[in-house]
Amino acid sequence: QAYNAKCLSCAEGISEEEYCRKNPPSDFFGGVQGCEKYQNGGGSKPFPCCRANNAKCLSCAAGLSEKDYCKKNPSTGGCEKYRNCCQAYNAKCESCKQGISEEEFCKKNPSDFFGGVQGCEKYHKGDGGKGCCKAFTADCLACSEGKSVERFCKKKKNRDVPGCEKYHRRGSWGKNDRDDSRQQGDGGFRNWFG
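Counted the way UniProt numbering counts, the sequence shown spans residues 1 to 194.
It is possible that some hints are incorrect.
[What the hints assert, rightly or not] Calculated cross-link-like contacts (lysine to aspartate or glutamate; reagent style DMTMM-like; alpha-carbon spacing at most 20 Å): (1) K56 - E80; (2) K134 - D160; (3) K72 - E18; (4) K92 - E80; (5) K92 - E102; (6) K134 - E121; (7) K155 - E165; (8) K134 - E145; (9) K134 - E102; (10) K147 - E121; (11) K56 - D68; (12) K92 - E121; (13) K22 - E12; (14) K134 - E150; (15) K67 - E18; (16) K134 - E104; (17) K107 - E121; (18) K56 - E104; (19) K22 - E66; (20) K97 - E66; (21) K122 - D139; (22) K155 - D139; (23) K157 - D139; (24) K6 - E17; (25) K56 - E66; (26) K108 - E121; (27) K71 - E102; (28) K147 - D160; (29) K97 - D68; (30) K154 - D139; (31) K67 - E80.
These are calculated hints, taken from the structure and not from any lab test.
Just so it is clear, the structure is predicted and the values come from calculations on it, not from any experiment.
Please work from the sequences and hints to get the whole structure.
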């Protein structure tokens with residue numbers, strides 16, 4: 001059996017063109033003899049398909065249109081134009097733009113400067129699947145601990161957490177609030193000395 005397109009395609013039971021598209025040139029010496037006529041650029045160029053790792057070159061090497069290649073490999077550079085992604089800043093749109101699943105996007109981007117990315121709540125672990133945000137705020141931290149914001153903020157150690165300030169004003173829980181003695185106006189002496 002000769003090492004040429006005619007014999008090799010026959011052995012696989014496919015056409016010469018299909019064989020050549022599936023087996024593009026892979027070394028310096030080119031590809032299988034007889035495949036030149038099926039490659040982009042004809043037989044005059046030793047490397048008919050470009051070598052970059054992008055949709056144009058990889059689709060050529062695979063013998064597919066860019067669009068078909070991108071349907072199978074959406075995260076490949078150059079495939080963005082075939083995705084038809086929404087433009088909002090949320091897990092659904094951003095994962096589409098990157099050609100990855102929402103879950104994968106959320107694992108890579110658990111939060112940004114402003115807190116959790118909308119739509120990623122369901123993928124965050126460590127909060128018992130409650131879907132709590134991950135920002136350092138009273139709302140997010142209270143959710144993570146399974147407490148109300150008021151109960152979370154009442155703890156003295158949490159008084160400086162953003163979102164807890166409204167719970168530490170004079171009289172917010174009454175004059176006997178021992179967790180907030182510094183805000184009571186009497187220095188907390190009443191609570192210490194009875």
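| So which hints don't hold here, by number, going up? | 18
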